[in-house]
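The listed protein sequences derive, respectively, from chains E and Z. My numbering applies: residue 22 is where the first sequence begins, and numbers increase by one. My numbering applies: residue 35 is where the second sequence begins, and numbers increase by one.
Derived from the structure by calculation, the hints contain no laboratory data. One or more of the hints may lead you astray.
[Unchecked claim] 25 Å max Cα-Cα, derived SDA-like pairs, lysine to any residue:
(1) Lys115/E with Gly156/Z
(2) Lys171/E with Gly145/E
(3) Lys540/Z with Ala329/E
(4) Lys167/Z with Thr134/E
(5) Lys432/E with Asn541/Z
(6) Lys540/Z with Gln449/E
(7) Lys171/E with Thr177/Z
(8) Lys170/Z with Thr122/E
(9) Lys445/E with Pro544/Z
(10) Lys540/Z with Trp325/E
(11) Lys430/Z with Ala464/Z
(12) Lys404/E with His564/Z
(13) Lys157/Z with Gly176/Z
(14) Lys170/Z with Gly131/E
(15) Lys115/E with Thr177/Z
(16) Lys404/E with Arg483/Z
(17) Lys157/Z with Glu66/E
(18) Lys432/E with Glu420/E
(19) Lys470/E with Ala175/Z
(20) Lys540/Z with Met462/Z
(21) Lys167/Z with Val124/E
(22) Lys179/Z with Glu66/E
(23) Lys404/E with Ser477/Z
(24) Lys470/E with Pro388/Z
(25) Lys170/Z with Pro128/E
(26) Lys179/Z with Gln72/E
(27) Lys179/Z with Gly192/Z
(28) Lys171/E with Gly188/E
(29) Lys470/E with Val402/E
(30) Lys135/E with Thr168/Z
(31) Lys135/E with Ala175/Z
(32) Lys179/Z with Asn101/E
(33) Lys365/E with Trp325/E
(34) Lys480/E with Glu485/Z
(35) Lys221/E with Glu355/Z
(36) Lys480/E with Glu567/Z
Only a predicted model underlies this, so the values are computations on that prediction, with no experimental measurement involved.
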Amino acid sequence: MRALLLCIGWAISMLAVPAAAADRALSVTIYNDDLALIQDLRDIEVKDGRQRIEFQDVSAEIRPETVSLTAADISIVEQNFDFDLLTPAKLMEKAVGKEVTIVRVNPSTGAETKELAQVLATNGGVVLKIGQRIEVLRDDGLPVRVIFDKVPDNLRARPTLSVTVVGAHSGTRRATLSYLTPGLGWRADYVALYNESNSKLDVQGWVTLTNSSGTTYDNAQTLLVAGSPASADGARPVAYRPQPRRGTLQEAGTESGSRERLGDFYLYPLAERTTIANLQTKQVSFLDVQGVPAEHGYEYRNHWLGSAEMPISAKSVYSFSTSAHAGLGDQLPAGILRFYMRDKRGDPQFIGESRIDHTPMGSTLSLATGDAFDVKVHAIVDKRTHLSVFDWQTEMRYELSNALPRAVVVKLIQDGLWGDSSIKSESQKSTRRSADAAEWAVTVPANGKTTLTASFETKY
Amino acid sequence: MHVRRARWLQTCAIWLVGSGVSAPAAADILAEPPSDLSVTVYRAPYRNSGSIDLNDLEGFALVSETRTVRLPAGLSLVKFEGVADGIEPASAIVTGLPQGVIEKNRDAKLLSPSALIESALGKPVELLRSNRKTGKTERLAGTLKSDSGGVLFQTAQGIEALRCSGLPETFSFAPGGGLSAQATLSVLVQSPKALTRQVTLSYLARGFDWAADYSAILSADGNSLDLGAWVTLANSNGVGFPAARTSVVAGKLNRENGEVQPIDAGGPILASCWPRGSTSDSPMILRINGLRREADKAVPMAARALSLQEASVTAGRVQEEQLGDLKLYRVPDRTTVASRQSKQVRLMDRARVPITTVYSADLAANETADAAPASRLIRTMNTTANHLGLPLPSGKVAVFALHQGETLLEHESGLRDIAVGEELEINMGASFDVLVSALKETSTIDPARTEMLPLVPGVTLRRVAVDAVNRVDISNAKPTDVQFELRLQLPPGARVVRADHPIGAKNGRPIFQLQVPANGTATLRYQTQHTTERVT
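Generate the whole structure from the sequences, applying the supplied hints.
Rendered as structure tokens:
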């Protein structure tokens, strides 16, 4: 019983730090570009008059200039962010001119001798004044303990936020501390299972949030914002993102959904409060749609009117709609879509992944999962003739091969038709998707080959 | 006295930890170890040919684990311990849980000395200080004050720095803190009643790779070869997969290089003290070597050099099946994909594949080149008529030849993915005996075909037709006739107008095929014509 009382007393003394997280409600809003807004609602103990309130358990990556504290009957004098860290060397440095206790341990008997010493200097080594004599600490290599009385006020184990306020009257009150911090981010991850027999796609969407801000957010109400607010000062480094290799969005959608919005951003609130631990990756489901019609096709892009030394695999492409009719029926926040397909035993196997950008509802997506092993295209320049100074004629031959036991259709794109390029003759009618690119839909029979020829005239 | 105080403090610490964690009332449930495992290994997405590098496995695997989970009624946090340390947490799929999953978590922080110090910051710890002479260990209750750039603690006596006194000192920590020793994925799930379920956890993990390793044995007459291949797969994860259903997938997949939060196995504890200069030496910083050594044991798995344990060989050939646009090869029996192991399974064995041998040179037209070795190429078509006709996944091919009853290695080269019906070409490297040199004999401009195009006053563009006659000499020091193939790289708009050998075309480029007699030479002449513009 006595022990328990002792315990409680001791525990209270341990917890008696200013602005302790006793009764706290956290809400965390995470944006896409490594930015989060933290709103920290807690009870603070305010005395009458001017005082300093320290806030622990805030993000270690806090942007101190964005901090705002609001509470009833207080006025804020100043906000400080102290990042002078408490280390043994700093502690000794701050003790210059002050007294410390040294304990010498006799190496032969183990007996301790206590002495008071004044720290004179810490330049390179510690110089002490003991009584009327001057010594260098541990110069002889014998064990000497140094005991300090207290930690200087502005040294802390972690960077600490403090606010100096003037309280109108003493008492506990509810305060809201809000600030922006990097180190928290989210993206979407999709699992798409493609059924080859009926060309249907089952899609699950998960939001993946990561926390590397150095702090754990306990029991926080979490809201994810699909969008990245522009940073006004530009101080925040913009993460490098490689440009997509091919356009995945075939047609931008024009449908509205029932999701919450904030301006032009979509909001994804988490249903329940959750704890976002430091260095944790957390996933919460937000989408589960079954039986979306999807199309599987092949695509090959020849980037310029050139030959390849060997046949090159066509891309394996899956396209589907995000429309409410015959589609996913939702907006898709940016992320990675992973495709799976069942093998002969019925086990799902991974067949490739593709990154998507924020996609409005009603869009058509066409995602490449990888290269087709059995469907290849060999582009060959049969003849290139110099017609006049700036005028060339190029005869192209495309050999398409298919080692699959079924016929396939390959979307063949001849890109890089710069300048004034026209097709003089071709073995199959092309469509011109832009001035720079011509496109054919070529059927290749099962275990067979198809040859397509075209003659281009290019003027510069 | 110290000992007594420490004991009640320890009791308190346990009581505090026990009561503090109860905020969301989720029961911690440990999933049983996997009862069924399946591992599908994918190749490094950017490698076109060649073998795997055991020190840097850049492929990945899809791992599926079936585990038994005993859920109580209500909210529980199911922990899957011992997943591959290369796990991509965002790819994890959990199926078989009753109400579905509320959330999935992967904590990157593992249990390590530095993680212990970090999590004990501001909390009670016990300091152990030993007397070297008497051997007595003193136990002091205290609080950890700082762990940045040195460790500071406070006891009833005051504030001290860890291990700056020269005495053996360390901490003893209160249990709890929830850090796992192994990579762990946890799932928060709500169950209406207590039940036992078989749960499947699937995820992608890095640190795997595979390649095909072909060995071809040339027949004595050089007209056929026997082609065999192994599937070599390797796992550099710290976790092994016993009795797993194992397959490998050939074909090139799209992979987005999404960042994965690496496992934090804890860095070294940097316990620096105050300046420690003495009157006899230059200033230096004292570090705690004992603790650092302990921390070194916990270096991230991936950072460690992969030590090849063994290369075990399994009998039985893999079975091929179509997976979308990829090829899946299934290892017939369950096998153990052990940690840091490379494993080989037989892919194929084909005998008497007819081949043709060609010596080949690739030259830029109208350029003079000194005698250089031709490349020896072995060619065949990947068809059933040629005893092949199966997809050949990329890898490395080693060609052996018989020599006095022994098989000796002749050449090693890379092989790309080859579909059925495609040509298989194995490069045998530079030839010792067949050399090729090229010479431009004449270069003439035809005045009858010269045009003058005035550009601006004073500057005229002269369009000229250039005719070049080239000679190519091929020497053969072999006692047999060889087939030779010359491929030309023409400047844009140029064409071959005349040649003393028949001209063909391959891949849009002119090609000459001729026979070079045994211990003899052959000469080939060709004339090209192209137009070019010159400003005069």
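Violations among the numbered hints, reported as their numbers in ascending order: 19, 28 and 33
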